[in-house]
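Asks: Sequence:
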Amino acid sequence: MPVLQEIAEGRVPVKVYTGEMEAVARSQLVNISRLPIVHHHVAAMPDVHLGIGATVGSVIPTLKAIIPAAVGVDIGCGMIATRLSLTANDLDESSLRKVFHQITRDVPVGIQQHKDHDARIEAAKHFRRGLTRILAKHPGIEKRIGRHTSWVHQLGTLGGGNHFIEVCLDEDNRVWVMLHSGSRGIGNAIGSYFIELAKRDAERTELQLPDRDLAYFPEGAQHFDDYVEAVGWAQDYAGANRAEMVELVLDAMHRHLPAFETTEAAVNCHHNYVEREFHFGERVWLTRKGAIRAREGELGIIPGSMGTRSYIVRGRGSAESFHSCAHGAGRRMSRNAAQKSFSVEDLKAQTEGVMCRKDKGVLDEIPGAYKNIDEVMANQSDLVEVVHTLKQVLCVKG
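Going left to right, the sequence shown walks through residues 0 to 397 as numbering that gives the first Met the number 0 numbers them.
Heads up, a few of these hints could be off.
Said to hold, decoys possible - Under the rule of at most 20 Å between Cα atoms (straight-line distance), these lysine to any residue pairs were calculated in the SDA-like manner:
#, residue 1, residue 2
1, K357, R96
2, K390, L298
3, K63, L206
4, K114, L206
5, K142, T131
6, K136, L196
7, K357, S380
8, K357, T307
9, K63, E218
10, K198, A64
11, K357, H100
12, K136, E243
13, K357, E374
14, K63, H100
Read the hints as simulated data drawn from the structure, not as lab findings.
Work the whole structure out from these sequences, hints included.
Replies: Dropping the structure here:
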C-alpha cells in the first residue's frame, strides 16, 4: 500500500505507512521533522512505535549531520538467515529438543559471553586495530563497558531483550536458520558515549532542539569524523557477530540432525544504522532506526514474533520510503504492560508448536505484545515483495 497518512506539522512532512500509531510516537516524528538538518521528508514504516531518542520504524535523511540517538545504542542490530538442505521430514521433537539445548550451551545469551577456550579469536582479529584506534582517541568508551565484559568474548553471542535464534520452515517445508542480534556491549558503549557527547556539544553551542535526545554532530564538528569511524566499526562488528552465531548454530544442528549443507548465501542486514546514500537530489546520511534497506531486487528479513510468521523479502526500491521497509512486527505494548496483561498460560497458547522457553522470564516477548505481522506486510506491499514465508519450530530467546 502507498503512504497512508502525511503529517505536516514540522519543517518537512512525515510520510507514514500505517494508519495506526501511538500519540507519543507521532510526537517524536514531528520533533524529528522540525530539525533544520532533515532533508525532504521523514518516512515512518508500518511497524512504527515509540523509541528512545527517535521513533522505532523511522527513516531519517540528514544533510551534513548525524543524530547519534537516532542510530541508538544497539548499533548495527539486525537479522541474518540462511536456508539449509534439510526439510521438515528431517526434524522430530526429540532431535529438535537436542538442538535447542545444544544451541543454549554453545551460544551465550543475555549478559553471558564466551569462555576463553570458546572465544572467536580469529574473527576478532579483524576488529582489534580499528577499535584500538577509536579507544585511543576516546578512552571514555571503555569506561562504559562492564569490568567483566569483553568485546572479543561477546563476538558470537546473542544478548538479551528481543534478540533470538530460530529454526524455521518455509512454504515448501525447507529448513532455515534465522537470528536477530547486534553489536553487544561494545556497541552500546560507543552509542551511549557519543550520544552524551552530542548532547554536551548542543548545550555548549546553545543549539535549539525540540528534544535534547535529537542532538546532532554537524560535519566538521569536533567529534563528527570520530563518530562516523566508531559507528561504522560497530556496524561491521554487529554483522560479524551474527555470522559467527550462524556458524555456532549450524555446528549444533550438525551434531543432532542428518547431514546437510547450506543451499543459499546468508542474508545479513542491519536495521539500526546510518550510512551514506543519495536521495531526492542530495547525498545524505540516512539513518534507519528499526527499518531495513529495500533497494530494488535487494533481499531482506522481516521477522514476526516468536509465535507468528517471518518473511524473506525482495525490495521494490521505493523512492518515497528511501528504499526502506519495516524491520519486524513492532511492539504494540511495552514490556511491563505485556507482563501485566498476559500469563504464562497465554504464552504457552500463543507459542503452541514452537520449541521455546514458556516461562515468566520471556513473558514480555509474548506474540500478543507485538503488532499483527500480516497487517505490517499488507501496509508495505509497495515497498517489498515476499520471497519466502517462514514459520519457526524452535526459538532461543536472549
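Asks: Now look at each hint and say whether the structure bears it out.
Replies: Quick rundown of the hints versus the structure:
Distance hint between K357 and R96 is fulfilled; the C-alpha atoms sit about 14 Å from each other, no more than 20 Å. For the given pair, K390 sits about 18 Å from L298 by alpha-carbon distance, which is consistent with the 20 Å threshold. The hinted pair formed by K63 and L206 meets the criterion: a straight-line CA distance of about 16 Å does not exceed 20 Å. The straight-line distance between the Cα atoms of K114 and L206 is roughly 46 Å, outside the 20 Å bound, and the hint therefore fails.
Restraint check for K142 and T131: the C-alpha separation of about 14 Å stays at or below 20 Å, so the hint holds. Annotation: proposed proximity of K136 to L196 holds, straight-line Cα distance about 13 Å (limit 20 Å). The suggested pairing of K357 with S380 is violated, with an alpha-carbon distance near 33 Å, which exceeds 20 Å. Restraint check for K357 and T307: the C-alpha separation of about 15 Å stays at or below 20 Å, so the hint holds.
With a CA separation close to 5 Å, the supplied pair K63 and E218 stays within the 20 Å bound. Among the hinted pairs, K198 with A64 is consistent with the structure: their alpha-carbon atoms are about 14 Å apart, no more than 20 Å. A distance of roughly 14 Å separates the Cα atoms of K357 and H100; the hinted pair therefore holds under the 20 Å criterion. A hinted pair counts as satisfied when its Cα atoms are at most 20 Å apart, and K136 with E243 does not qualify at roughly 28 Å.
Of the pairs offered as hints, the one joining K357 and E374 is violated, with about 26 Å between alpha carbons and a cut-off of 20 Å exceeded. With a C-alpha separation of about 48 Å, the suggested pair K63 and H100 falls outside the 20 Å cut-off, and the hint is violated.
Hints 4, 7, 12, 13 and 14 from the earlier list are contradicted by this structure; the remaining hints agree with it.
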